[in-house]
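There are 2 protein chains.
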Amino acid sequence: LVRVTFGMPDPAKRDQLRRDEASQQTGGRITLTVAEQKLDSHLRKLKLQEMSAAQFPPALHFFKAKRLIEKSPVYKILQKMPKGAALHIHSTSMVSVEWLVKNVTYRPHCYICFTWDNSVRFLFSDRQPFPRWDCFYWQLLETLRARLGDPTGFDYSLMQHLTLFTESPESEYPTQDIVWEKFEKAFIVAAGLISHAPVLKDYVYKGLQELYYDNIMYLELRCGLSRTYELDGTIHDKVLTLKIFHEVTQKFVQDYPDFLGARIIISAHRALGVSEVKAAVKEAIQLQKDFPDVVAGFDIVGREDDGKTLWFFREALSLPAQLGSMLPFFFHAGETDDEGSDVDQNILDALLFNTSRIGHGYALAHHPLAKELSRKGNIAVELCPISNQVLKLVSDLRNHPAVVLMSEGHPLVISSDDPSLFGTSGLSYDFYQAFVGIGGLKANLGTLKELASNSIRYSSLPANLKNKLYGMWLKKWDLFVAKNS
Amino acid sequence: LVRVTFGMPDPAKRDQLRRDEASQQTGGRITLTVAEQKLDSHLRKLKLQEMSAAQFPPALHFFKAKRLIEKSPVYKILQKMPKGAALHIHSTSMVSVEWLVKNVTYRPHCYICFTWDNSVRFLFSDRQPFPRWDCFYWQLLETLRARLGDPTGFDYSLMQHLTLFTESPESEYPTQDIVWEKFEKAFIVAAGLISHAPVLKDYVYKGLQELYYDNIMYLELRCGLSRTYELDGTIHDKVLTLKIFHEVTQKFVQDYPDFLGARIIISAHRALGVSEVKAAVKEAIQLQKDFPDVVAGFDIVGREDDGKTLWFFREALSLPAQLGSMLPFFFHAGETDDEGSDVDQNILDALLFNTSRIGHGYALAHHPLAKELSRKGNIAVELCPISNQVLKLVSDLRNHPAVVLMSEGHPLVISSDDPSLFGTSGLSYDFYQAFVGIGGLKANLGTLKELASNSIRYSSLPANLKNKLYGMWLKKWDLFVAKNS
Ligand SMILES: [Zn+2]
Ligand SMILES: [Zn+2]
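Chains as they are written, first to last, in this note's numbering: chain A, 1 to 485; chain B, 1 to 485.
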């Protein structure tokens, strides 16, 4: 171990051991340039201040920490940092609810209906919509707003239907069940707005812009490819959703040439049956053939703790291999704290079905064998700290199991999961939590550099585009370091 | 990895992987007898019920979970289970506060003083005690109680000074600083009672009894060896404290021959300076020579986050080797969530100074190199889950980093740290948290068997006594299994 002379461990050897351990962590083997070292010690000083303040944001619920984080000098640097790619975001929650309410619901022909379970539905229509089983009475929002005395309060109430964000998260969401119920409800509310074809176009553009403004250059979006509709009630094919996404992305890249693009991971909900997921896999295989630049792969989404396991869908998940397709999987797995349950085994099955990355992998650190397989196979974990906290897997982020993964240099990328639901935008909030809370004082600029470059390395892009993106990112990175050191 | 035929992983190989992983966990390699298997499936059924109930005790603050745990059928079995040894308990908190108040403070000549900081002091004296800097006015408790209308309420208020236990832990202890302040205060309050020589005798006996009733057979007690005093103000030498402990233990073993005994780990507080700790180490070396059957080793105690590091005391800690003594160390280390701080490095230094076990080791899972050293060196972690939760390192015990250690079969023993402060008694509460919360559904009877036998294996006992204790324990274990399967 370390030579002990006269009872005293050799201080030089002790330092060596400490450095050896530090080199194992994420970014621990990166040699920093002089400029990077300068920025690194600046960041360390700022982080120390934050750790000794009365309130430590990663220890608080994010909804209470948000304002503190926004004031944090560390956060402000992270905002400016080129973060590479966002690899785990869901399409129904990529744009802030302020925009959805203040812009989209103010558009003409927007109808609203208040449901019996205290929720709302939206619908764009050029005539009075028919009653539906969950919606008997549709009102034109324009008319309703004209009659209301307090449009600000009303708009705020609409926003509350679209996000989990609240001032009192502990009392509003006492259990995982309750927070997940609200979570799934919010998606349904948003759907009526987003799946209106003209809105979807603006929505995707706006979503890319929010990422771009947070210094992100590429996106892989989990998307269920819901059908879009028109004012006259026409319902389009799923392919149109894909086409809209593709066209808007192309337009966006034209407008912002230092943004590389976006791809879709087609997602089926685990509430479906095996035969429906089979159909979804087949469809994804076809769409990937038809749109190889747009479709990155396939995933099964929805709450794991409540839902069917990956193994339950094994017939569907073995279809690509049977059909000679190379459709990659990007499975959510291990988003649970129910150790030893069947759900807890999703991670191993994700790996057995050759997943390309693991969404969340919250339970991975508790599975030594799966962890080894993931590491050896270079299967990165998509770490979404704020999502895990808001969905009540962990309260103090210093206890997030990713602390273990980060200390071992496990392949990791940072993402935001459902930014609009959690009241975030871009990746900076999640990077803050990973850097300050999960990484602690150990995490340094090398950690950040590796996390950002990991997002390119573990993306689904072909090698040539990875290289291109990496080159673009590195230029921005060096500029960022030069400006901030 | 696993042969994939026609896109489908081989179910038999998949099962093999799951078993391989399960075999890595604590107790994963123990082959259960038929009777043990029967008890194991019974326990599993009970645990499943507990996990699906509305409130899951390990996810709640222990002070709110305590009553639920006491009703739990799993807990009732754990109470009956022979748990081996308690290796991490502090002498000032080994007996329930009910006994201290209802028995000790009712003894004659007991004086009380109310301090300016809303605390109290106790003193036994055959005359009116002199005022001290912190205590101007001493009242005879007997007289005071006779004047009070509500002795029950008064006694309850005295208990509150001696324990952290409260119905509203979140509001009373909003931060680590506040809970630690109360923690250190409670020790000072207890000291006046416990260090009265006649009380100490009963106290030690009572403490051993509480362990014995919880089916524990051996104790290693952290003890600062405070000097004891008599009614007439005589203050005894530290050696008497050791002698009292030894004599009472011998008496107890006579009375309860299936209890093996108890040893002391002499503890110095980290608030001391280097030269004082040097003196304490020298004294411990001498006492170990004089009482080899009683003194197990040496430790430095007190809050790590606030205090000096082990490395700060390196001159003192290298003394035994310099003086040719084999005084073993049993260091508290890594009882922190401040990652990357100097305090966070205590674990590595504990290992470099050849610690025999690690007290808490809360941060160990975040230190891959130290973890490897601890595993290879067979340095067991003394896991005290309730202590970590009450002292606010973690709220939901499913996020305790020992989940990682347990899944990897890291050397572990379970202990209770400061039972009277946390409102526990014996080890059953902590075993419950480790078995149900930290171990989850994965933990089984093999886990319990290994944890219990670990407490013997990693004790400081010489080989012959370890074997004797193991034999005694195994007999009890088999009886326990036979009775409960
Ligand atoms: Zn997700
Ligand atoms: Zn302790």
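It should be emphasised that the hints constitute simulated quantities derived from the structure, not laboratory data.
Please note that the accuracy of each hint is not assured.
Identical chains blur together in the list; that is why a pair holds if it fits in one copy or across any two.
Claimed, not checked - SDA-like cross-link-like pairs, simulated, lysine to any residue; straight-line CA separation at most 25 Å:
#1 Lys-376 x Ser-23
#2 Lys-376 x Asp-20
#3 Lys-13 x Phe-312
#4 Lys-45 x Trp-311
#5 Lys-102 x Lys-251
#6 Lys-64 x Ser-168
Hint check results:
no.	hint	verdict
1	Lys-376 x Ser-23	both (18 Å within a copy, 20 Å between copies)
2	Lys-376 x Asp-20	both (20 Å within a copy, 17 Å between copies)
3	Lys-13 x Phe-312	between (52 Å within a copy, 17 Å between copies)
4	Lys-45 x Trp-311	between (48 Å within a copy, 23 Å between copies)
5	Lys-102 x Lys-251	within (24 Å within a copy, 79 Å between copies)
6	Lys-64 x Ser-168	both (8 Å within a copy, 21 Å between copies)
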